[in-house]
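*Asks:* Listed below are the residues making up each chain.
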Amino acid sequence: MSNTVVKHSELREALKRCPESAIEAALAFQETKDPALIPPIVLGILERFVEPDVRPVIREGKDSTRLMDDLGIDSLLMVEIVILVEETLHISIENEELRNIRTLGDLKLYLDAKTRGLPPPESKNVLNFEQIAATLPQQPPFLFLQEARINGEYAEGSYHISGDEAFLEGHFKGNPVFPASLMIEALGQLAVLFLLKSASAALDGPQVDPGSVYFVGGDGIRCHKVCRPHDTLQLKVRLKKVHEPLAQFEGSIFSNGSRVARAEEISLTFAMRAAREEAAARIR
Amino acid sequence: MSRRVVVTGLGFATCLGRDAATVLGALRELRHGIVLHEPFDDPSVPVSLAAPVPGFRTDSPDAEDWTFPENLSFRLDQLRALSPNALYATYALRQAIAAAGLEAEAVAHPRTGLFTASAGSAMLTHHHIDRMKRVGPSRCSPLGIVASIAGTLNFNLVPALGIQGASAGFISACASSGHALGYAFDEIALGRQDCMLVVGAEDFTPETILPFASMRVLTLSRDPDTASRPFDRGRDGFVGTGGSVAMVLEEESVARARGAEIYAGFSGWGQSTDGTHMAIAHPEGAGLARAMESALAAAAVAPDQVDYVNAHATSTPMGDASECRALKRVFGTGGKRPAVSSTKALTGHALSLSSIMEAAFSVLALHHRFVPGAAHLVDPDPEAAGLFLPRESLDEAPHFVVSNSSGFGGANVVMVFARHS
Numbered sequence: 001m002s003n004t005v006v007k008h009s010e011l012r013e014a015l016k017r018c019p020e021s022a023i024e025a026a027l028a029f030q031e032t033k034d035p036a037l038i039p040p041i042v043l044g045i046l047e048r049f050v051e052p053d054v055r056p057v058i059r060e061g062k063d064s065t066r067l068m069d070d071l072g073i074d075s076l077l078m079v080e081i082v083i084l085v086e087e088t089l090h091i092s093i094e095n096e097e098l099r100n101i102r103t104l105g106d107l108k109l110y111l112d113a114k115t116r117g118l119p120p121p122e123s124k125n126v127l128n129f130e131q132i133a134a135t136l137p138q139q140p141p142f143l144f145l146q147e148a149r150i151n152g153e154y155a156e157g158s159y160h161i162s163g164d165e166a167f168l169e170g171h172f173k174g175n176p177v178f179p180a181s182l183m184i185e186a187l188g189q190l191a192v193l194f195l196l197k198s199a200s201a202a203l204d205g206p207q208v209d210p211g212s213v214y215f216v217g218g219d220g221i222r223c224h225k226v227c228r229p230h231d232t233l234q235l236k237v238r239l240k241k242v243h244e245p246l247a248q249f250e251g252s253i254f255s256n257g258s259r260v261a262r263a264e265e266i267s268l269t270f271a272m273r274a275a276r277e278e279a280a281a282r283i284r
Numbered sequence: 001m002s003r004r005v006v007v008t009g010l011g012f013a014t015c016l017g018r019d020a021a022t023v024l025g026a027l028r029e030l031r032h033g034i035v036l037h038e039p040f041d042d043p044s045v046p047v048s049l050a051a052p053v054p055g056f057r058t059d060s061p062d063a064e065d066w067t068f069p070e071n072l073s074f075r076l077d078q079l080r081a082l083s084p085n086a087l088y089a090t091y092a093l094r095q096a097i098a099a100a101g102l103e104a105e106a107v108a109h110p111r112t113g114l115f116t117a118s119a120g121s122a123m124l125t126h127h128h129i130d131r132m133k134r135v136g137p138s139r140c141s142p143l144g145i146v147a148s149i150a151g152t153l154n155f156n157l158v159p160a161l162g163i164q165g166a167s168a169g170f171i172s173a174c175a176s177s178g179h180a181l182g183y184a185f186d187e188i189a190l191g192r193q194d195c196m197l198v199v200g201a202e203d204f205t206p207e208t209i210l211p212f213a214s215m216r217v218l219t220l221s222r223d224p225d226t227a228s229r230p231f232d233r234g235r236d237g238f239v240g241t242g243g244s245v246a247m248v249l250e251e252e253s254v255a256r257a258r259g260a261e262i263y264a265g266f267s268g269w270g271q272s273t274d275g276t277h278m279a280i281a282h283p284e285g286a287g288l289a290r291a292m293e294s295a296l297a298a299a300a301v302a303p304d305q306v307d308y309v310n311a312h313a314t315s316t317p318m319g320d321a322s323e324c325r326a327l328k329r330v331f332g333t334g335g336k337r338p339a340v341s342s343t344k345a346l347t348g349h350a351l352s353l354s355s356i357m358e359a360a361f362s363v364l365a366l367h368h369r370f371v372p373g374a375a376h377l378v379d380p381d382p383e384a385a386g387l388f389l390p391r392e393s394l395d396e397a398p399h400f401v402v403s404n405s406s407g408f409g410g411a412n413v414v415m416v417f418a419r420h421s
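One line per chain: the protein sequences are F and R, in this order. Counting in my numbering, the first sequence runs from 1 upward without gaps. Counting in my numbering, the second sequence runs from 1 upward without gaps.
None of these hints come from the bench; they were simulated from the model. Please note that a few of the clues may not be correct.
[To be verified] Cβ pair distances, simulated, as ranges:
| hint | chain 1 | residue 1 | chain 2 | residue 2 | range |
| --- | --- | --- | --- | --- | --- |
| 1 | R | T22 | F | H171 | 46 to 56 Å |
| 2 | R | P69 | F | I91 | 49 to 59 Å |
| 3 | R | R139 | F | P52 | 20 to 30 Å |
| 4 | F | N151 | R | G191 | 56 to 66 Å |
| 5 | F | S21 | R | T67 | 22 to 32 Å |
Yeah, the Cβ is synthetic: ideal placement off N, Cα and C, and Gly gets one too.
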């Protein structure tokens with residue numbers, strides 16, 4: 001038996017229970033190292049490890065599909081997936097790098113860079129809870145973002161309603177419903193995060209003074225569904241217009257795949273760090 | 001002690017059957033579960049017989065290759081954390097909970113605990129360590145430990161059931177699940193819990209059974225119908241089995257208040273240690289006799305009140321003889337004596353599982369008013385002279401039943417169960 005045949009049968013054994021298309025792609029990748037084969041291989045490996053009911057979501061292959069929330073891949077399952085991807089593509093993935101991979105799109109970009117021998121794509125725009133809390137002036141128990149990412153002109157974030165929030169005891173008695181006003185607050189917090197962290201050309205992001213951002217107004221606010229404990233709010237804001245001292249966003253919230261709320265306009269006022277320092281100097 | 005313990009649920013994944021009715025039929029009619037075991041059909045393996053659990057097949061280290069009854073289902077992340085023994089235990093425990101009529105909220109309750117006994121999975125330990133040595137730890141399943149080590153039953157069952165009370169595993173070789181039952185009894189008697197789920201389980205794989213061939217304690221017989229014959233002069237070793245048995249214990253007033261069917265009372269238990277050898281029982285059965293005396297005293301039952309003893313006897317020459325001496329010391333050789341049989345004649349030896357399996361058989365005997373006979377016994381060992389070893393099952397309703405277990409390290413556990421009226 002030739003060496004290639006041995007390798008082929010080992011690869012087939014390692015990938016058993018993956019879709020045949022992924023196995024074929026992996027065998028071809030072994031010969032050609034063609035990066036175009038990576039998505040079908042990786043999607044096939046993911047498909048093998050998730051519950052049957054979410055497999056169609058993987059087949060859609062949307063870059064925005066989230067590994068944890070949409071596919072139910074927890075950290076231990078992720079390790080199993082990584083091991084199989086490593087074996088198949090002959091790469092090694094560091095734990096540090098894994099933390100920045102949250103979506104199918106992240107995964108594809110990461111593996112593409114990796115197999116080309118390039119450094120992994122920068123993922124500074126993904127913020128975990130600790131990073132959000134270190135950035136925003138809002139703090140627990142009045143912080144309604146657990147993770148967020150900033151992409152160009154928009155920001156996405158999420159908040160899981162644990163049910164332990166103190167205000168749910170009174171909103172309402174015996175009927176815990178996440179307050180609509182706090183949904184808009186959560187969108188506002190995401191917008192503040194965008195102002196403070198965005199590398200958007202329209203803004204000198206890091207220059208916005210965190211102590212200067214306040215809510216000014218909202219327009220076209222509609223709530224479509226109530227959210228309760230154990231629902232996860234998927235928040236998104238998009239920057240419509242910015243000109244110091246005003247920034248306008250539109251925002252929406254989804255939960256369990258359906259729209260929960262939207263705001264046609266949320267306006268924030270802000271000041272650049274230097275401007276505030278000047279003002280402070282004048283007051284002194 | 002005012003808090004009394006009763007048995008309100010049983011669940012079986014055994015070579016005698018996967019439900020109480022089938023197991024009961026096998027015990028009454030002395031039908032065994034031993035077969036010529038195809039995986040042992042290998043010139044280097046001297047052993048031919050084993051007692052598999054019908055409907056299960058777990059010889060692959062890849063859980064996704066296993067077959068098991070259709071009424072069991074797992075998410076993939078659950079399946080990949082299972083050992084074979086945890087698979088059997090899930091089946092038996094769900095059956096016991098259903099038999100007890102316990103709702104999910106009563107199981108996931110601070111007053112309900114879970115005690116378990118298994119030796120872990122030798123097959124999966126070997127599989128994962130072997131892979132680790134070949135490819136390094138970074139390329140190994142993150143769930144390898146969860147599936148392999150001796151806590152695997154707790155790791156898997158606690159989250160599946162949402163257990164909130166006490167949870168622990170017990171390790172004393174073939175007395176393990178007896179210790180789990182005994183300490184579960186204490187949890188209830190001491191008022192710490194109102195309900196205890198107890199489950200014993202053992203892989204049924206060559207990795208678990210064949211090391212005993214190295215000790216020369218497995219029978220080399222090729223005849224399933226006579227191979228396991230405790231107390232017989234011609235006995236020459238045990239037959240390996242695996243699977244799981246689960247039992248629901250409850251405080252009596254709690255069980256009554258919810259209208260549960262009570263299978264039997266759990267009157268008390270005792271334990272002792274031989275303190276002599278790492279694997280061989282005390283030749284005079286001194287430790288086992290002390291454990292029986294201690295259990296009877298705890299249960300406030302006199303030896304002559306005992307109607308049936310489910311013996312530990314595994315069908316090994318030394319172990320059975322030692323137990324004969326212990327039984328004679330406690331129950332005497334004249335006057336009213338209990339019927340004695342070892343149901344390992346039917347099941348073979350289930351190691352960590354055997355104690356709770358035989359306790360459950362004892363409960364079935366009390367509940368269904370019969371005494372399992374000493375199957376396959378033709379020519380009793382002279383040491384058994386003076387013991388009452390009925391060759392057929394008796395249609396006599398026992399009042400008190402004693403269940404014996406002994407394990408490596410000289411650990412002895414004895415339980416006393418009572419007919420519930």
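*Asks:* Work down the list of hints and note, for each, if the structure agrees.
*Replies:* For each hint, the structure was consulted:
1. R:T22 with F:H171: 46 to 56 Å: holds (55 Å)
2. R:P69 with F:I91: 49 to 59 Å: violated (41 Å)
3. R:R139 with F:P52: 20 to 30 Å: holds (27 Å)
4. F:N151 with R:G191: 56 to 66 Å: At 58 Å between Cβs, range holds.
5. F:S21 with R:T67: 22 to 32 Å: holds (27 Å)
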